[in-house]
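Okay, here's what each chain looks like letter by letter:
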Amino acid sequence: MLNIASPIPNSLRTGPNERGRFGEFGGRFVAETLMPLVLAVEHAYAAARADPAFDADLRHHLKHYVGRPSPLWFAERLTRQLGGAKIYFKRDELNHTGSHKANNCMGQILLARRMGKTRIIAETGAGQHGVATATMCALFGLPCTIYMGATDVERQSPNVFRMKLLGAEVKAVTSGAGTLKDAMNEAMRDWVANVGDTYYLIGTVAGPHPYPMMVRDFQSVIGEEAKMQLQEAEGRLPDAAVACIGGGSNAMGLFHPFLDDASVRLIGVEAGGHGIATGEHAASLTGGRPGVLHGNRTYLLQDDDGQIIEGHSISAGLDYPGVGPEHSWLHDIGRVEYVSATDQEALAAFQLCTRTEGIIPALEPAHALAHVARLAPAMKPDEIILMNLCGRGDKDIFAVADHLGVKL
Amino acid sequence: MSRIAARFAELKRQGRGALIPFLEAWDPDRTTSMALLRGMPEAGADLIEIGMPFTDPMADGPIIQAAGKRGLAAGVKVADVLTMVRDFRMDDRQTPVILMGYLNPILSYGIERFCTDAGQAGVDGLIIVDLPTEEADMLLPYSNANGIDFIRLIAPTTDDARLPHVLNGGSGFVYYVSITGITGTRSATAEDLATAMPRLRQATQLPVAIGFGVRTPEQAGAASRIADAAVVASALIDTLSAHLDADGQALPGAVDAVLNQVRALAVAVRR
Chain A
1 MLNIASPIPN
11 SLRTGPNERG
21 RFGEFGGRFV
31 AETLMPLVLA
41 VEHAYAAARA
51 DPAFDADLRH
61 HLKHYVGRPS
71 PLWFAERLTR
81 QLGGAKIYFK
91 RDELNHTGSH
101 KANNCMGQIL
111 LARRMGKTRI
121 IAETGAGQHG
131 VATATMCALF
141 GLPCTIYMGA
151 TDVERQSPNV
161 FRMKLLGAEV
171 KAVTSGAGTL
181 KDAMNEAMRD
191 WVANVGDTYY
201 LIGTVAGPHP
211 YPMMVRDFQS
221 VIGEEAKMQL
231 QEAEGRLPDA
241 AVACIGGGSN
251 AMGLFHPFLD
261 DASVRLIGVE
271 AGGHGIATGE
281 HAASLTGGRP
291 GVLHGNRTYL
301 LQDDDGQIIE
311 GHSISAGLDY
321 PGVGPEHSWL
331 HDIGRVEYVS
341 ATDQEALAAF
351 QLCTRTEGII
361 PALEPAHALA
371 HVARLAPAMK
381 PDEIILMNLC
391 GRGDKDIFAV
401 ADHLGVKL
Chain B
409 MSRIAARFAE
419 LKRQGRGALI
429 PFLEAWDPDR
439 TTSMALLRGM
449 PEAGADLIEI
459 GMPFTDPMAD
469 GPIIQAAGKR
479 GLAAGVKVAD
489 VLTMVRDFRM
499 DDRQTPVILM
509 GYLNPILSYG
519 IERFCTDAGQ
529 AGVDGLIIVD
539 LPTEEADMLL
549 PYSNANGIDF
559 IRLIAPTTDD
569 ARLPHVLNGG
579 SGFVYYVSIT
589 GITGTRSATA
599 EDLATAMPRL
609 RQATQLPVAI
619 GFGVRTPEQA
629 GAASRIADAA
639 VVASALIDTL
649 SAHLDADGQA
659 LPGAVDAVLN
669 QVRALAVAVR
679 R
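Protein sequences appear in the order of chains A and B.
Each residue of the first sequence is one higher than the last, beginning at 1 in my numbering.
Each residue of the second sequence is one higher than the last, beginning at 409 in my numbering.
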C-alpha cells in the first residue's frame, strides 16, 4: 500500500528531491545533534520502502488491526439537503483509534521496530495522534511518552485518559500557549536528550525530511483506496476532493494520489478560527508567509520580525502555526486551492453531519464539511465531491457542548 | 586576521583557553543587557556570545527559554540586537562578538541584509542552531562576503564519517555541544570530554569551544584546558534571574552579580 508506483514524466508526485525539498519548501533544519538521527530515519525508511516484507507486514497490520480499507459512503441525505453535487465521505473515522492517524502510526512503529528503537515519543494536539501512538506502543509493548500542550490537555481530556489507559506517559507542556507547536518543541528537546534508544513518531506531514514524505506515503492509502472505491461506485474520478488542514496529513494522504489527475479540484480547508481578518486563526497558507520552524521551510504564522504567532482554532488538531511543506509547494504552484472555515462554520457543520448522516465527526473534518456545504450547492447534481472524514467526534462532545452552552 | 582568530592566537601565546560568557539580548531589558555586554570584557570575557531571542528555541532548556521570553517581552527585534553590537563596538574594537540564534528571525530580516548589517555592526561570528551544514549554503555566501565566521557545531552524535563534512569550510572556531541534550540541564564528564577531544583535534586545526553544561568555575577551567574555550550560559542567566523582581524587572545589583560570576569564571580559566 506504500505509494511507490513509478511516477510519470512531469508528474507532481515525484517530490521531494534528495535534499527533502518540494520546490523551495521542506529541507532538514535541525540542530547538529539531531542531524545524524534524521539521516538514520531517512536511510532506514528508504530501505523499508524497498523491502516487500515491510510492505506485506504493513498491509497485514492495516487490514487486520487498523481495519482498512475504510468504507466510502455516499452521504445521500446530506446531498439532498445541500442540493447539488453528490457527496461521498471517505470514512477514515472508522479506523481503529478513530482517525486517520492510525495509518501513519502503524507505518512508523514498524519502522521504529526495524531500527531497533526501544522507546517512542510523539507530540499531539487533539490527542488523536497521541492515542494512535499509544495504541501501537501498547500493541508492540514499547514504552511511550506523549507531549501535549497544557491547553490541549484541558480541552481534550477524554483523549488524555485514553492515552494513560493505554500505558503512555502524557507530559503537559506549559511553554507558549500550551498547544501543538509547544508540544512539538518539547518532543524535539526530548529526542535531543535521548538519541540512543528513542524514535520520534511525528504525526503530520511536517518536520525535517524524511518525515513529510514518509507520513504522506503512509497516509496515501486514503486517496488510493478512495480512488478505487469511487471507480467502483461511479466509474469515474471525483470532481473535487476536500480535506481539512492543520499540519495537513489527512489532506496530503487524500490528495497525493490525485495530484496528476488535472480534472480533480483539490481543496484544503484551513482553520479560520474567529475569522482570518481577526488575526485569530490557524490558517498558515491563507494568512502566513514562508519561514523555518520544526525542521522545515514552509508557510508559518509569524510577526514582522520572524517570531512565531500562536494559532487559534476551536479544533486542537488544527491549532498549529505551520503546515506541511508539500502543501506550501502545492499552494504556490496553484495545484491545490486552500480556503478556510471559521470555528462557527465548523460547529454548524458538526451538527449538520450528526443530524443528517448519523455520524459525529471530529471538529477537524467538520471544517472540511463546512466548505463542502458551501461548494456542493454551486455544483451540478451529476458532479461528485469526495471528502475525507478523517476522525470521529466523540472526543469533541464536551468542547462542543461548552460552545453550544449546554451543561453536561 | 579576523577578531576571533586574533583573539585565539593571542591566548595561545598566553598559554590559556578562552572564557566565552553568554547573555540574552534585552534580558530582562535593553539597559541591563547592554550593561552586561559592556562590563563583560573587563570582568574577563575573552569572547562574548549574545543570544537572539526566538519564540521557539528548540535546543534550549527552561533557563534560556525564559531569558528569551523576557527579551521578547521587552520588545527586542533583530535590528535591536545588531544595534547592541554597534554600540558596544564604539568602545571595544577587540573582543569578538558571536550571535547565537535560530534561523527564522534571520530569514525574516533577510539573510543577505542581515549578514551585511551584522558585519557593519561588528559581529564576528554566527551560531544558528537550526541551520545544519546541509542547509548552510543559503547563508554562507553572505556571511563570508561580510567577514563573519559561520561557527560549526559538533555534537556527540556527529560520527567520524560526518565530521569532515560538517567542518568543511569552517572558520573562527568549532563549537562542541558536549552533551546530547538541551542547554542548562546536565554536564559532560571530564572523561566524556577527554574521549571527544582527540577526535575533534584530528579533524580540525580550528580552536574548539565547549558548550552546554559548563556551569562552575571548575568546569569552565577544565573545559578551557581540555579544549580552547568554555562557553557559560545558563549558569549566568540563573544568576540574573535570581536578581529579578516578581514582574521580571532587574533589581539593583543584578549586573554586578552576573559580572562577579564572570570574574570568578575568568580566574578559573587563568589558573
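Be careful, since some hints might not be right.
As the list claims (entries may be wrong) - Taking beta-carbon pairs under 10 Å as the criterion, some of the chain A residues facing chain B (in silico):
{"id": "1", "residue": "V30"}
{"id": "2", "residue": "M35"}
{"id": "3", "residue": "L39"}
{"id": "4", "residue": "K63"}
{"id": "5", "residue": "M184"}
{"id": "6", "residue": "G287"}
{"id": "7", "residue": "D305"}
{"id": "8", "residue": "G306"}
As the list claims (entries may be wrong) - The following residues of chain B were derived to be distant from chain A, with all beta-carbon distances above 12 Å:
{"id": "9", "residue": "R494"}
{"id": "10", "residue": "G509"}
{"id": "11", "residue": "E520"}
{"id": "12", "residue": "G555"}
{"id": "13", "residue": "D567"}
{"id": "14", "residue": "R594"}
{"id": "15", "residue": "Q610"}
{"id": "16", "residue": "L652"}
{"id": "17", "residue": "G656"}
Just so you know, these hints were derived from the structure itself, not from any lab.
Since the structure is predicted, the reported quantities are computational estimates derived from the model, not experimental observations.
The beta carbon of each residue, even a glycine, is placed where N, CA and C say it ideally should be.
Comparing the hints with the structure gives:
Given hint, V30(A) at the interface with chain B, holds; its Cβ is 6 Å from that chain's nearest Cβ, closer than 10 Å. Annotation: M35(A) was flagged as interfacial toward chain B, and the flag holds, the nearest CB pair being 5 Å apart, inside 10 Å. Using the Cβ-Cβ criterion of 10 Å, the hint placing L39(A) at the interface with chain B is satisfied: the shortest such distance is roughly 8 Å. At about 37 Å, the closest approach between the beta carbon of K63(A) and any beta carbon in chain B exceeds 10 Å, and the interface hint on this residue is violated.
Annotation: interface hint on M184(A) holds; nearest CB of chain B at approximately 9 Å, less than 10 Å. Because the smallest distance between the Cβ of G287(A) and any Cβ of chain B comes to about 16 Å, over 10 Å, the interface hint for this residue is violated. The restraint placing D305(A) at the interface with chain B holds, with a minimum CB-CB distance near 5 Å, inside the 10 Å limit. Taking 10 Å as the C-beta cut-off, the interface hint given for G306(A) holds, the closest approach to chain B being about 3 Å.
No Cβ of chain A comes within 12 Å of the Cβ of R494(B); the nearest lies about 18 Å off, and the non-interface call holds. Its beta-carbon lying about 10 Å from the closest one in chain A, G509(B) breaks the requirement of being farther than 12 Å from that chain. For E520(B), the condition that its CB be more than 12 Å from all CB atoms of chain A holds, with the nearest at approximately 15 Å. Listed as a non-interface residue, G555(B) keeps its Cβ farther than 12 Å from every Cβ of chain A; the least gap is roughly 24 Å.
In this structure D567(B) is not separated from chain A by more than 12 Å, as the shortest Cβ-Cβ distance comes to only about 6 Å. With 12 Å as the threshold on Cβ separation, the claim that R594(B) sits away from chain A is violated: the shortest Cβ distance comes to roughly 8 Å. Distance check for Q610(B) against chain A: the nearest CB is about 18 Å away, which clears 12 Å, and the non-interface claim stands. With a cut of 12 Å on Cβ distances, L652(B) stays outside the contact zone with chain A, its closest approach being about 18 Å.
A cut-off of 12 Å between C-beta atoms confirms that G656(B) is not in contact with chain A; the least separation is 16 Å.
Checked against the numbered hints listed earlier, the structure breaks hints 4, 6, 10, 13 and 14; every other hint is satisfied.
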